[in-house]
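Go by the hints and put chain B onto chain A.
Chains A and B, in that order, give the protein sequences. Throughout the first sequence, residue numbering follows the numbering used here, covering 67 to 325 in sequence. Throughout the second sequence, residue numbering follows the numbering used here, covering 67 to 325 in sequence.
Since no wrong hints were added, every one of them can be taken at face value.
For chains that are exact copies, the list does not tell them apart, and a pair is met inside one copy or across any two.
Quick list of in silico lysine to any residue cross-link-like pairs, SDA-like style, CA-CA up to 20 Å:
no., residue 1, residue 2
1, K138, K151
2, K151, T175
3, K316, P255
4, K151, E161
5, K138, P194
6, K151, R162
7, K151, F242
8, K151, A140
9, K151, E135
Don't read these hints as lab results, they were simulated from the structure.
There are 2 protein chains.
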Amino acid sequence: MRSMTSSDKPDHAPETAAGPAAETAPAPTGIAAQDWATAAADPQYRAAVVDLLGALAYGELAAFERLAEDAKLAPTLEDKAELAKMASAEFHHFERLRNRLAEIGEEPTRAMEPFVAALDGFHRQTAPSGWLEGLVKAYVGDSIASDFYREVAVRLDSDTRALVLAVLDDTGHAGFAVDRVRAAIDAEPRVGGRLALWARRLMGEALSQSQRVVADRDALSTMLVGGVADGFDLGEVGKMFSRITEAHTKRMSALGLAA
Amino acid sequence: MRSMTSSDKPDHAPETAAGPAAETAPAPTGIAAQDWATAAADPQYRAAVVDLLGALAYGELAAFERLAEDAKLAPTLEDKAELAKMASAEFHHFERLRNRLAEIGEEPTRAMEPFVAALDGFHRQTAPSGWLEGLVKAYVGDSIASDFYREVAVRLDSDTRALVLAVLDDTGHAGFAVDRVRAAIDAEPRVGGRLALWARRLMGEALSQSQRVVADRDALSTMLVGGVADGFDLGEVGKMFSRITEAHTKRMSALGLAA
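Next comes chain A alone, as it looks inside the complex (with noise of 0.2 Å):
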């Protein structure tokens, strides 16, 4: 996934006691200060990684798919290069995650199946009807699977957590997005009201498609509610849904689109 820009960073990073004797980050614990090779001997945290790595992998293959599909929509050729070089992107995560669950010995394809139908509805469910709305769900795509990643990479061993990273935090393709769709709403406000209605839609499909994978794959729930990791209890995961809610409701009203 693309970073964000610095003003998008959700407002629940770990904050530390600024005093003159914490300046470093309180060491990680538990799963988080074991590398793969030891976190890995439990196999119910081995299943939930092979879950999530094949999850992120098959969304990456999908979103370029979508994004490369979204660049006829763009009205001029400087525009169709900015969608393909965000598919572009995405098509490198992909290739690393794939490469990564093949070097732990796991068959990329099967690991990514489960997660085929939920990621498949989502972009049958939300394709847009033009430019402007594929820009949007462009952003917010980026955006959500960013906080997403953010939120689970503190619940993964060393070595996972530093692929999980290394693919967020890769550039912020999604500015020239933002750029557009203010344009167009300073253009036409009424464009605004569209777009607004537009983004919650995606929001609420993207949760509602979380919700069927959450119920479906048992490794990757319990980890994502703390069951295998350490110090979660089960309405972390709750909390971990508002709050990429809110900080998609804020960036939005950043792009003048109330919600």
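What follows is chain B alone, placed relative to chain A:
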């Protein structure tokens, strides 16, 4: 463009007398011996190269879009990923060509625009109706483009030639297409007849769109027939098309698609 496998090489590679004194190829003469700064002083040569880079750049961008679209027809996730990989490679070729246009002070969009109609026309006329047609198109398109890049490279100044050959000499992505098509024909030989017709249609459309470009773009055509390069007469461009067509026919036979 991606390179062909060595067995695919057209048989018109320059031959040198293989005597003991002839260990190196003859030194380039004329334009081919000049760098960009020198060659571009001729405004007609400059216009021809801008045309060429614009045509190649939009060709790569359009190929990206088509391959990404055709990836949807893939029967498996692995096949989808392979086609997405080819698409992503085309996007990177596009980026190099576009950046070169910007480097020499040309507006990339303006350089590409004259070729949009012909390339979009080609893709519209040859939208594959299924996965195998998509694969044959990917392979044929890749190979014809490689042949054309090689042919045109010898008429270019050293800097432009290096770029064109670098874009060409990327990797042989099309090998997987060949494997898949061969397996499908082995499994059901009648498929071969249908795909042979399809390959002929692809070549026909490619030639007819090329004619259109040649008729429209004076500077580019003059370069192709040798007007601003050296040692080529008017018949040469016809011979070039013949060589490309012949190489195509040989490749199709090797693939089990008798013309």
